[in-house]
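2 protein chains.
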Amino acid sequence: EIQMNLSVCVQLWHSWRRCSTAQTETLDRVSMLLQLCVDRYYVSPGQTNVELFQRGLCCNYGPLGMELRRNLLDQWWHSVTKSRAQVFGINTLSGSRETAALGQGQLRIVEYEHLKQSVEQKELNKEQLIQEVHMLLQRSPSTRTNLLQGALEQFVPSLELVNRKLPFGLAETGLCFQPSEGSGCSAEVTQTSLVWFCSPRTSSQWLDHWTRQRLKWWRKFALSPSSFSSSEVQQEELEEAASRGVRIIYDFPWGQEIVETLWSRGDAELLSIHKGARSKLQCRDGRKSVPHVVSITANMDRGVMAFLSNSLQQLKREDSKQKLHQRKVLKLHPVLAPIKVALNISRGATVELRQVCEGLLQEFLEAKISVWPGYLETLPTSMEQLNAKYDEMGVLFTIVIGENTLESGLLQVRNRDTTIKETMHISEIKNFLFRYISATDNI
Amino acid sequence: EIQMNLSVCVQLWHSWRRCSTAQTETLDRVSMLLQLCVDRYYVSPGQTNVELFQRGLCCNYGPLGMELRRNLLDQWWHSVTKSRAQVFGINTLSGSRETAALGQGQLRIVEYEHLKQSVEQKELNKEQLIQEVHMLLQRSPSTRTNLLQGALEQFVPSLELVNRKLPFGLAETGLCFQPSEGSGCSAEVTQTSLVWFCSPRTSSQWLDHWTRQRLKWWRKFALSPSSFSSSEVQQEELEEAASRGVRIIYDFPWGQEIVETLWSRGDAELLSIHKGARSKLQCRDGRKSVPHVVSITANMDRGVMAFLSNSLQQLKREDSKQKLHQRKVLKLHPVLAPIKVALNISRGATVELRQVCEGLLQEFLEAKISVWPGYLETLPTSMEQLNAKYDEMGVLFTIVIGENTLESGLLQVRNRDTTIKETMHISEIKNFLFRYISATDNI
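Quick mapping for you: the protein sequence lines, in order, are chains X and V. At position 417 of the first sequence (counting the first as 1) the number is 417 in the UniProt record's numbering, and the numbers step up by one without a gap. At position 413 of the second sequence (counting the first as 1) the number is 413 in the UniProt record's numbering, and the numbers step up by one without a gap.
Just to be clear, a hint being listed does not mean it is correct.
Derived DSSO-like pairs (lysine-lysine); straight-line CA-CA distance at most 30 Å [said to hold, decoys possible]:
1) K116/X with K389/V
2) K82/V with K421/X
3) K389/V with K82/X
4) K122/X with K116/V
5) K165/X with K368/V
6) K82/V with K82/X
7) K430/X with K216/V
8) K216/X with K430/V
9) K389/V with K220/X
10) K126/X with K122/V
11) K280/X with K82/X
Restraint-style ranges between C-beta atoms, simulated for each label pair [to be verified]:
12) E239/X with H425/V: 49 to 59 Å
13) K122/V with E236/X: 49 to 59 Å
14) E123/X with Q282/V: 48 to 58 Å
15) E120/X with Q234/V: 50 to 60 Å
16) T350/X with R287/V: 35 to 45 Å
Hint data in this document are derived by calculation from the structure and do not stem from the laboratory. Built from N, CA and C at the ideal position, the CB exists for glycine as well.
Make the full structure from the sequences, and use the hints.
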């Protein structure tokens with residue numbers, strides 16, 4: 001149903017006139033958002049690429065999109081591993097030869113020349129040919145569709161790490177591949193996964209605990225937190241092994257989409273992967289039970305799309321000549337914003353002013369504050385045009401350095417969200433930015 | 001020749017007795033290193049997995065290996081994007097439908113069921129069958145073998161970003177897939193890539209610049225920096241498009257292996273990918289030239305292996321009873337060490353002592369100092385055994401909290417590299433660690 005909404009929306013887009021006003025507004029908003037993402041270096045141009053992006057799949061990201069996703073993944077990592085001492089990061093392979101278990105193995109990596117040559121062997125008859133192709137496919141590694149199986153495989157070596165004590169979790173982020181049911185057009189998704197091992201009687205409580213944590217996390221970075229919600233999966237929709245499931249959903253302009261799914265999965269998959277070797281899997285919780293698994297899986301490509309969609313504000317304002325302007329601002333959360341500060345020269349780019357900029361740039365880079373070197377741009381633009389551009393990029397602060405700075409050390413700092421311009425001494429700016437970003441991180 | 005050395009070494013391993021003393025020592029050292037990596041949670045157990053690791057390929061990493069690679073990738077990212085304002089991060093897809101160019105496309109992702117069904121169609125004769133398999137293969141996306149092509153494709157949208165001004169660079173890290181010439185056994189590698197676009201007359205200078213930078217970077221984190229060296233690629237070994245090449249090499253116990261390669265590649269590939277559309281590619285450097293490409297590509301899985309190998313020290317020492325002990329220490333650079341500090345209780349784990357540990361743990365986690373919750377371990381071990389274990393894990397500092405801490409706030413801090421134990425107040429410890437790690441970062 002969710003996918004329906006989206007494809008309906010895309011169709012409507014191309015048949016503009018038939019839409020109702022409400023629908024038209026939605027489409028306007030969606031197409032404006034996508035155009036902005038391309039224009040402002042979040043997503044690389046090209047229709048196919050933009051479609052991948054809108055569908056919540058991995059696409060070619062521009063520098064800002066890449067940095068936004070990087071920040072999002074860092075925040076996820078920090079939040080999950082910081083939350084408790086018993087969460088450990090792992091890294092598993094994306095291609096695996098041990099397939100079949102858990103219904104994996106739909107996508108195979110084959111060597112083009114190798115398969116071609118095998119098929120072209122003159123001596124084979126049709127039956128042998130089919131046989132040969134089968135064998136080659138079966139031997140080829142399959143690409144993972146999720147991170148769960150890797151974590152389940154790593155359960156035994158991890159048990160030693162925690163002295164067989166429950167609960168504990170294995171965290172991983174990485175690329176997964178989605179088969180597309182026959183169309184032959186597979187897709188990539190950046191997933192985050194926490195696989196939580198706990199005693200059977202606590203698994204439902206842990207599912208609730210992680211649902212609360214994760215929903216809080218998504219809402220923390222949202223401009224309108226209520227766009228994120230959670231809903232219990234209905235009995236008839238439950239995956240085979242699961243006893244309960246919860247979805248975290250984001251309200252896109254075109255309808256709801258799932259950003260994260262939590263399952264209480266029991267012990268069946270763990271037992272199946274380790275071929276029923278109960279004694280290897282038992283933990284020291286008094287009853288020697290095989291732990292239950294709670295899996296928490298998010299799609300961070302769709303997460304990027306959700307936060308971009310959530311943070312775009314359109315504001316109408318009159319200028320001094322009473323002309324109506326529409327201002328678009330990407331009000332991304334300060335810790336997510338890919339560029340924290342843009343550095344500009346007010347007028348007459350003298351050698352001295354450029355040197356001041358270079359110095360500040362280095363200072364910011366060393367403090368790991370991402371900075372946009374606006375002073376390098378050679379096209380003349382008014383400060384108003386620049387601010388409009390930076391607002392669309394979601395740049396938190398814009399610094400303007402002028403003749404005045406050389407004399408007094410003072411510079412102008414504009415805040416994206418308030419549009420207020422402050423005068424500040426050049427020696428204070430780094431700490432000011434640092435404090436501002438940390439303060440928003442701890443709310 | 002380099003691969004030869006390794007396989008010879010592996011063979012020798014299994015025929016122990018035929019080796020010379022020097023060779024036996026090498027093999028001892030290698031097998032000890034690999035065993036330590038498995039025992040101390042760097043690499044997951046299993047012979048196949050350990051072999052991948054030793055061959056410099058991506059493998060299943062344990063929590064410590066995962067964190068080490070993460071730290072290494074972070075350092076690379078920071079060093080490359082911090083070095084100049086004109087380096088931008090991108091993210092490209094790992095599967096691509098636009099193949100063939102640059103000799104890509106050896107590995108294809110096919111849908112198992114889809115291909116199987118196509119082959120099993122009753123009506124096809126042998127010729128049609130071969131035709132069908134060909135078509136399916138050709139339509140399947142290919143997985144990337146390097147990050148170069150993605151960056152070359154992103155050149156045009158990036159040009160706008162820099163106002164057509166040279167030089168600039170596109171940085172990316174990600175998984176690549178290596179075909180294995182017929183064996184059907186493809187492998188994964190974590191690559192870092194900086195693709196640098198510059199004017200034709202400066203490309204050789206830039207190659208030298210980046211070689212210096214990169215060699216300095218590798219050496220910065222090494223215990224014995226001279227194990228990393230660079231060497232110019234001989235004329236007869238140059239890749240087709242390249243005019244010059246440099247390799248950065250690490251001296252493993254079994255011989256030399258390449259960790260990074262820099263090529264001065266000219267403009268042929270850029271022109272070929274953009275179908276010769278010179279006008280789209282020209283930059284504003286006075287002569288309207290198509291830029292030349294310098295590619296800088298490292299294998300970070302081999303990087304992990306190199307730094308582990310480089311940092312392992314065996315020290316002999318006598319204990320108080322004049323018994324000879326062999327101490328193994330993983331002296332990883334402080335910024336790379338996956339665990340900065342281990343938290344332990346000296347004796348009698350009372351509720352109060354555990355609470356002190358929990359408090360410190362939270363403080364460290366929030367400050368993003370990675371910490372090992374040793375106080376959760378339930379198996380009784382002597383402090384000596386614990387220190388030996390932490391040394392093998394490469395843990396920088398070990399904190400011991402005792403009854404004394406509750407009264408005076410004092411705790412004991414042991415330094416991995418000096419083995420010296422200091423007494424410190426609990427309120428000072430976080431800043432002490434912070435300063436220590438930052439200081440080593442800025443040398």
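Return the numbers of the hints above that this structure violates; sort them in rising order. Checked against the structure, the hints that fail are numbers 1, 9, 13, 15, 16, while the rest are satisfied.
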